[in-house]
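Chains as they are written, first to last, in the working numbering: chain A, 1 to 229; chain B, 230 to 593.
Treat the hints with caution; some may be incorrect.
Said to hold, decoys possible - Okay, the calculated beta carbon distance ranges per label pair:
1) A/Lys-10 to B/Ala-331: 24 to 32 Å
2) A/Phe-139 to B/Ala-397: 28 to 36 Å
3) B/Gln-351 to A/Cys-42: 55 to 63 Å
4) B/Gly-507 to A/Pro-134: 29 to 37 Å
5) B/Gly-248 to A/Leu-56: 35 to 43 Å
6) A/Cys-42 to B/Ala-397: 43 to 51 Å
7) A/Pro-134 to B/Pro-259: 24 to 32 Å
8) B/Arg-413 to A/Phe-139: 30 to 38 Å
It is worth saying that the hints were derived from the structure and are not from the lab.
Note that the Cβ used here is the ideal one computed from N, Cα and C, for glycine as well.
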Amino acid sequence: MPDLDINDLKAVWLSLKLASLVTALLLLLGTPLAWWLARTRCRWKGLIESVVALPLVLPPSVLGFYLLLAMGPRGPIGQLTQGLGLGLLPFTFPGLVVTSVLYSLPFVVQPIQNAFAAMGERPLEAAATLRAGPWDRFFTVALPLARPGLITAGVLGFAHTIGEFGVVLMIGGNIPGKTRVISVQIYDHVEALEYTQAHWLSGLMLVFTFSVLLLLYHFGKGRLPVMSA
Amino acid sequence: MSLSAEQGLQVLLSRDFGGFTLSVDLHLPPRGVTVIFGPSGSGKSTLLRCIAGLEPEARGCVSLNGQVWQDDHTGRFLPVHRRPIGYVFQDASLFPHLTVRANLEYGMRRAPSDKRRIGFDQALDLLGIRPLLERYPERLSGGEQQRVGMARALLTSPSLLLMDEPLAALDIALKREILPYLERLHAELSIPVLYVTHSPEEMTRLADYLVMLAAGRVRGHGALAAMLSNPEHLPAFADEPGVVLEAHVAEHDVGDGITRLDFAGGHLWVSLKPHPIGARVRCRILPTDVSLTLTRARDTSILNILPATVVAIAEVADPTQRLVQLDVEGSPLLSRITRRSQTRLDLRPGLSLYAQIKAVAFLE
């Protein structure tokens with residue numbers, strides 16, 4: 001039996017719940033955004049792409065700091081959530097979800113955008129000449145052709161959310177069962193010199209992350225996004 | 230042939246790419262194959278795309294048999310998927326994630342079933358693709374992909390079939406494989422076809438009507454035979470294709486191994502053909518294969534000597550050469566001779582003489 005206590009298991013469960021929810025949201029939001037970015041000739045495209053790519057290069061603590069301010073009682077997001085009667089987001093699970101969505105956005109948008117861009121206009125034109133309307137074309141041609149990109153995006157978004165630490169600590173804090181995810185739990189174990197538990201959880205993360213990468217590089221046709229700023 | 234304003238395809242279009250402008254005003258026949266012929270970059274494919282609605286920035290009007298697809302005066306613009314067209318792309322553009330069967334059914338299911346004129350089995354047989362149904366496009370040869378692409382377009386039962394250089398990406402052997410299928414389409418279906426090509430061979434084999442395009446403008450259009458015999462358009466054809474004659478097989482002389490073809494202007498002897506008596510064929514005669522004599526030569530090895538009248542004499546790119554337009558009992562013929570021969574024989578319009586034909590190329 002792995003040497004894990006109830007708090008470790010809660011952390012594992014919380015991480016899985018967070019990553020699943022965030023991945024689902026990211027695919028839902030990221031796919032239309034990627035579609036728009038891949039096809040628009042709007043002059044703001046470069047600006048939007050840069051904003052989406054920011055988490056790739058920004059230190060997580062910088063992102064966390066600004067998000068904390070924005071979600072705080074005097075920040076714009078904080079005022080909005082309070083106005084809607086939702087309270088404040090920092091140090092709550094929904095706050096973690098919002099933060100993770102923003103933080104993992106480029107890992108999801110870029111592979112999908114690349115997939116949409118790579119297929120070009122031609123398959124969609126062919127579908128149009130075969131009587132398929134715009135929505136029909138999107139669901140029966142664009143999405144199936146972008147499948148490798150969507151799979152890569154989903155796996156990367158999930159894995160990246162599981163693995164995040166700095167930004168989670170800043171926004172979520174360290175509340176057992178609510179915001180204490182695996183990476184934070186490992187940190188706590190190490191601080192408390194509980195190396196056995198730290199070994200078990202870290203080993204779990206290592207095996208999980210390695211499996212994901214192996215899946216992507218060896219079996220999948222998907223590619224990692226280009227990490228360009 | 231005079232057309233009422235309602236019938237046929239009316240196209241009044243311009244598309245500005247900044248630096249290149251396509252600008253056409255055409256009224257095309259409602260039946261048969263219209264070939265849009267011109268060099269690369271002349272705007273042929275763009276014209277086809279505009280008619281299909283794939284270039285929403287094109288300005289103008291498009292209507293087929295009185296049905297308006299685009300009219301800038303009323304702001305009407307029918308989106309591509311609402312136009313009753315079939316489109317065959319140069320690279321087939323099959324959906325790689327679907328089997329051949331699913332590719333074929335994609336358009337067929339979406340087209341209104343009450344207007345279905347071509348059955349699934351009919352299309353399979355016409356293009357010989359029945360053995361390919363369960364395969365994915367990546368497992369097909371280029372020629373097979375293109376045949377599936379044609380069948381896919383036909384299965385939408387289009388009112389107009391648009392074909393954008395469907396053979397250009399194929400090598401010569403594959404072209405030879407597909408051309409007979411195209412000719413069958415031509416012969417068995419009554420769908421009007423717009424066919425874009427820069428190949429004289431495809432043009433002469435398939436066209437009933439010809440539109441010549443250069444630098445985004447229409448340089449001329451008309452029935453194929455009339456266009457090919459018009460010296461004004463000859464520079465565009467270089468030395469090909471010469472004139473095209475519609476003929477039928479009249480007699481086989483098995484002993485000498487020759488076949489007689491009858492056409493409007495007389496008859497031609499060609500090497501023995503397998504076609505039955507009465508079969509309709511197309512053949513073409515290059516201007517360089519036609520020489521002229523003022524008296525009928527008796528001591529010559531040339532079999533085909535036809536009485537003709539000079540209609541016009543045109544200059545060509547090479548200043549030492551002349552192109553002579555002839556009339557053979559109503560059928561057009563062209564002869565390419567030297568300027569010296571023109572002077573020596575004192576050729577001028579109205580002169581009666583004899584055309585000696587060295588070679589007749591068979592197109593079917």
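Hints versus structure:
1. A C-beta distance of roughly 47 Å is found between A/Lys-10 and B/Ala-331, which places it outside the suggested range of 24 to 32 Å.
2. For A/Phe-139 and B/Ala-397, the hinted distance range of 28 to 36 Å is satisfied, since their beta carbons lie about 32 Å from each other.
3. For B/Gln-351 and A/Cys-42, the Cβ-Cβ distance of about 46 Å falls outside the hinted range of 55 to 63 Å, so the restraint is violated.
4. Between B/Gly-507 and A/Pro-134 the beta carbons are some 52 Å apart, a value that contradicts the proposed interval 29 to 37 Å.
5. For B/Gly-248 and A/Leu-56, the Cβ-Cβ distance of about 38 Å falls inside the hinted range of 35 to 43 Å, so the restraint holds.
6. A hinted range of 43 to 51 Å is violated for the C-beta pair A/Cys-42 and B/Ala-397, which are about 34 Å apart.
7. Between A/Pro-134 and B/Pro-259 the C-beta distance comes to about 31 Å, which sits within the given range of 24 to 32 Å.
8. A hinted range of 30 to 38 Å holds for the C-beta pair B/Arg-413 and A/Phe-139, which are about 36 Å apart.
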